[in-house]
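Novice: What follows is each chain in one-letter form.
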Amino acid sequence: MTSQEQRATTTSLLPGHQNGPEATEAVISIAQPHPPPPVHGNSRQLPASLLTPPAPPPPPHLEDYRNIIGQAQVDALRFLAREVKGKTIKMVNSTSVGGGVAEMLNRLVPLLSELEVPAHWDVITGGNDFFEVTKAFHNALHGSTYELTKAAQEIFLMYNEQNRERLQFGEEMVVIHDPQPLALVRSRQKSHANWVWRCHIDLSNPDAHVWEFLRPFVEQYDAAIFSSQSFARQLPVPQYLFYPCIDPLSEKNKELEESQVQKICNDLGIDCSRPIVTQVSRFDRLKDPVGVVQAYKLAKKYVDCQLVLAGGGAKDDPEGAVVLQEVREAAGNDPDIIILDLPPWCALEINAIQRASTLVVQKSIKEGFGLTVTEALWKGKPTIAGAVGGIPNQIIHRLTGLLVHSVEGCAFQIRYLLTHPEFARRIGVSGREHVKENFLITTNVKRWLLLFRILQETKSLRPA
Amino acid sequence: MSAAEKALPRQPNKPFYFNTSEHLLRIGRERATTLSELLQALQTCPEDSIFQHTFRTLQEHHFIRQGFSNDFAHWSLSCCHEPVLAEKLASVDVREFTAIEGLRQRMKEIVEEFLQKHPRSGSRPASEPFFFCASDIVVLPTAFVADSLAGFLEGLRQVSVHSIHHHFIEARLRLHLMSNDFSQWLEEEAGLPRTADAIERIDIYTNTMESVRQQIARIVEQAVN
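Chains as they are written, first to last, in the numbering used here: chain D, 1 to 464; chain C, 465 to 689.
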């Protein structure tokens, strides 16, 4: 094999990209029960079963979580719900599929309803012009510069007005997610509900013009919720902290049989008999995948390990493809670096890779909350991560994981964890407990019930 | 446990109601980017914030056996790189206080003394700001009510660690006594003063809340058997 052939050539997996010999190899690979993984440098041929999304499993019931959080916590949820039994909640966001908010609402709404707190979920509608404006607002609120035009403001207000006329607000609590439907709060005069704005984005450094345009709407709410203390703004309304959360029963986080983990890793060409260092994230410079390769190479001088970079985003994002190419170049012809460009529905495969890993890295340079860190901690994996965004909320240095600030620091901690398994085990155990306490969907159900109760009590104290 | 104490357990006069408390985290107005700002905010922040960053943070990190005491100590070390100050703040035992105001004064004194000795440290920027938060608390019943020592042990084993924290640590703010709900009940209702004392002496800073639960159960078992 020439060095040219050995260079990383990560396989395209999306439908429409299946032509050529790679697709043929993939089809052959699933026809055999335990095919040897085709290895070409650090690229791995992936099973054809990953080419189409699996049917989603039915959502779990509250009782399904009992073995995870304990009977006492399930009881606490039921006691909390009793005070707001029969009172209704409306959740409003801008999309029913894709993205973390829709994923979270898909689990939250049935669980609240099961607790006899009926929750309704409405999705606003809008034309392409609306979503172009709100996408620009989203980026501007994250700190990008943006020229806010009168036309953009009118488009935003017009679609909010259309949705306001279409939707009814007869519930006791209305929760508006993110900026897109923010102006629906104009309906609060006609409703008896508590209005809450759930902001999932980082507002610590927003474009001033966009924020000044949106702020008067935010100030009309009864409360605002942020994902991190550092994401909040000074506002005249109470602000609460709801950490993002994971579902321990989802495909990405549920317990797996050892044999299932082994099979998935075999299919992906990962050797479970040797130490595995993994980073799961899309191919994005802010996740510093090249830095992870550099850290691995520094560590590899001292300890044997494989590096798995499992991500996606290279197919539908031109920058992702460029970053993927940079990662391949950094990886060179090292067969122990395994680059997997996975489609978005490969939750089970991500789960198996994380569970097979000896340790997990998330060496982000900038981060929202960092749910991949939460996923790794939940699986009891010793985790090394950049001290950015919401990661320090999850990783308390040397207690629930290790925080790093450089390639060299990351390399040292990889070496340390691989050579100190008892310490690695201990922080893994604490990390899992930290997630169990603070970052599971059931904790968020509890937060919503607490907020509902507190707002209802505050309302009952107000003079008529 | 002495033989005399073992002879004393009696049928409790009143049952023990196991409750629990749930907290919702509110983001406060104060924030500190230096130790001087921390000192300033310690003086002006609401009592709820002092509670959150001391009593409540212990509950949030109940699974850590060593190395976590309160948020002020943690920030002093991880973001201000001041290990001396961090050790002094970490040594404050919340159970020595029956009111938040006293705890606030103690924290303030420690930071003040440190900054008098190390004035340059006051204005050095921290790597991350300290965001003051506070807790809204809701107290809830549990399914467990004990009208005997056996029932008490059963409840103790079944309730959540939040309930243990509620009765064992937060209780002194309610009782305004250097004690806890378990010790109060065991002494006053079950006639077990030494058992009550032994429970009060459990070190919460070198144990997880789960091992605190196990130690309480062991101490009560010794008194009963």
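Rather than coming from a laboratory, the hints here were simulated on the basis of the structure.
It is possible that part of the hints are untrue.
Only pairs whose alpha carbons sit at most 20 Å apart, straight line, appear in this in silico DMTMM-like list of lysine to aspartate or glutamate [unchecked claim]: (1) K366/D to E422/D; (2) K366/D to E494/C; (3) K85/D to D129/D; (4) K135/D to E116/D; (5) K135/D to E83/D; (6) K436/D to E618/C; (7) K436/D to E161/D; (8) K87/D to D64/D; (9) K436/D to E592/C; (10) K150/D to E161/D; (11) K572/C to E685/C; (12) K459/D to D600/C.
Novice: Now tell me, hint by hint, if it's right for this structure.
Specialist: Tested hints:
1. K366/D to E422/D: Answer violated: K366/D to E422/D is near 30 Å, above 20 Å.
2. K366/D to E494/C: violated (25 Å)
3. K85/D to D129/D: Violated, because 40 Å separates the two Cα atoms, which is more than 20 Å.
4. K135/D to E116/D: violated (35 Å)
5. K135/D to E83/D: Distance of about 39 Å is beyond 20 Å: violated.
6. K436/D to E618/C: Violated. K436/D to E618/C sits at ~24 Å, over the 20 Å cutoff.
7. K436/D to E161/D: violated (41 Å)
8. K87/D to D64/D: violated (24 Å)
9. K436/D to E592/C: Status violated; Cα separation ~25 Å.
10. K150/D to E161/D: holds (16 Å)
11. K572/C to E685/C: violated (41 Å)
12. K459/D to D600/C: holds (15 Å)
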